[in-house]
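Chemist: Spelled out, the chains give:
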Amino acid sequence: MHQEETNHHSTGYGTYILVWLALIALTSITVTVAGIDFGMVALAIAMLIAAIKSALVINIFMHIKYEEPIFKVFLLVSGFTIVVIFVLTFLDVVNR
Amino acid sequence: MSQSNQAAAVDHHVHRDDVGAKMGMWLFLFTEVLLFGGMFLAYAVYRFQYPDQFKLAALELDTTMGTLNTIILLTSSLTMALSILALQKKNKFLSIINLVLTIFFAFGFMVNKYFEWSSKFSHDLYPGSETMLNKQDGEIVFFGLYYIMTGLHGLHIIIGIVILLFMLVFVSRGSVTHDNYVKLENSGLYWHLVDLIWIFLFPLFYLIH
Chain A
1 MHQEETNHHS
11 TGYGTYILVW
21 LALIALTSIT
31 VTVAGIDFGM
41 VALAIAMLIA
51 AIKSALVINI
61 FMHIKYEEPI
71 FKVFLLVSGF
81 TIVVIFVLTF
91 LDVVNR
Chain B
1 MSQSNQAAAV
11 DHHVHRDDVG
21 AKMGMWLFLF
31 TEVLLFGGMF
41 LAYAVYRFQY
51 PDQFKLAALE
61 LDTTMGTLNT
71 IILLTSSLTM
81 ALSILALQKK
91 NKFLSIINLV
101 LTIFFAFGFM
111 VNKYFEWSSK
121 FSHDLYPGSE
131 TMLNKQDGEI
141 VFFGLYYIMT
151 GLHGLHIIIG
161 IVILLFMLVF
171 VSRGSVTHDN
181 YVKLENSGLY
191 WHLVDLIWIF
201 LFPLFYLIH
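These protein sequence lines map, in sequence, to chains A and B. Letter by letter, the first sequence follows residues 1 to 96 in this note's numbering. Letter by letter, the second sequence follows residues 1 to 209 in this note's numbering.
Simulated from the structure, these hints should not be mistaken for laboratory data. Since this is a predicted model, take the numbers as computed values, not measurements. All residues carry an ideal CB built from backbone N, CA and C; glycine is no exception. Hints are not guaranteed to be accurate.
Unchecked claim - To give a feel for the contact side, a few chain A residues facing chain B, derived at Cβ under 8 Å: (1) 29; (2) 53; (3) 57.
Full structure from sequences and hints, please.
Modeler: Written out as structure tokens, the structure is:
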């Protein structure tokens with residue numbers, strides 16, 4: 001019964017709309033930047049923008065920012081697992 | 001929020017664990033991340049191996065279509081979040097409107113996908129086609145990854161549509177309400193994950209020049 005009270009201070013309709021605008025803006029940036037020839041850095045820029053978009057979706061839309069710490073621990077563990085898998089694989093691939 | 005959620009459940013002597021339900025959902029989402037993660041790993045290794053052929057193959061993809069679908073999916077994530085928030089604020093009508101919009105955008109995404117794939121197929125660009133088999137290894141791998149990754153993602157959209165249709169019924173009938181909305185919340189988490197995966201698929205397939 002009290003749950004909506006605690007939600008008010010965290011997010012409102014406005015917050016979500018702002019996040020959505022930011023996501024659309026970042027999409028325009030990534031599409032525009034892809035049209036310019038940045039060579040090797042292009043992939044890094046595209047992934048950086050995708051990471052910022054993900055952070056917005058995870059924190060605000062998926063509410064992680066307002067969840068209990070255990071959810072953040074979950075997220076860190078799974079993120080770390082993915083990073084380890086990528087790093088170990090590339091240590092192999094690059095040194096072949 | 002979660003603690004008061006439980007408090008509400010206790011007040012009414014209902015056995016409910018919303019935090020547990022959400023934890024379970026997050027654990028499921030991590031298995032999804034690992035599923036797609038394996039594919040992203042395959043993509044990364046092959047792109048490292050055939051950088052130029054990946055660029056060449058990516059020229060065949062329609063950036064406009066990809067951008068449009070990105071905007072559609074991001075907007076559907078917004079309406080999904082708004083639907084949950086509206087229900088929390090006891091505005092059932094607004095919640096239903098936003099849920100319907102989310103489903104509508106999901107369909108829009110799939111319609112675009114249909115036209116996109118049809119156009120590829122009509123250009124004889126599908127796994128195992130004659131044109132495809134005459135291409136270089138890196139290009140074949142690119143299209144293989146494109147079809148399997150966007151295909152699996154599309155399957156997730158279709159499953160999402162089914163889940164959201166159920167939620168629409170639940171909210172309309174009043175079994176998902178402003179003080180018992182964890183089902184809608186978990187559906188939202190799933191929907192946002194599908195959006196997250198697309199956030200990475202889009203630049204990796206459509207924006208290589």
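Chemist: Take the hints in turn and mark each one as holding or not.
Modeler: For each hint, the structure was consulted:
1. Below 8 Å, beta-carbon pairs count as interface contacts, and residue 29/A has none with chain B, the closest being about 11 Å; its hint is therefore violated.
2. Checking residue 53/A against chain B: minimum C-beta separation of about 5 Å stays under 8 Å; hint holds.
3. Look at residue 57/A: its Cβ gets to within about 6 Å of chain B, closer than 8 Å, so that hint holds up.
Of the numbered hints stated above, the single one contradicted by the structure is hint 1.
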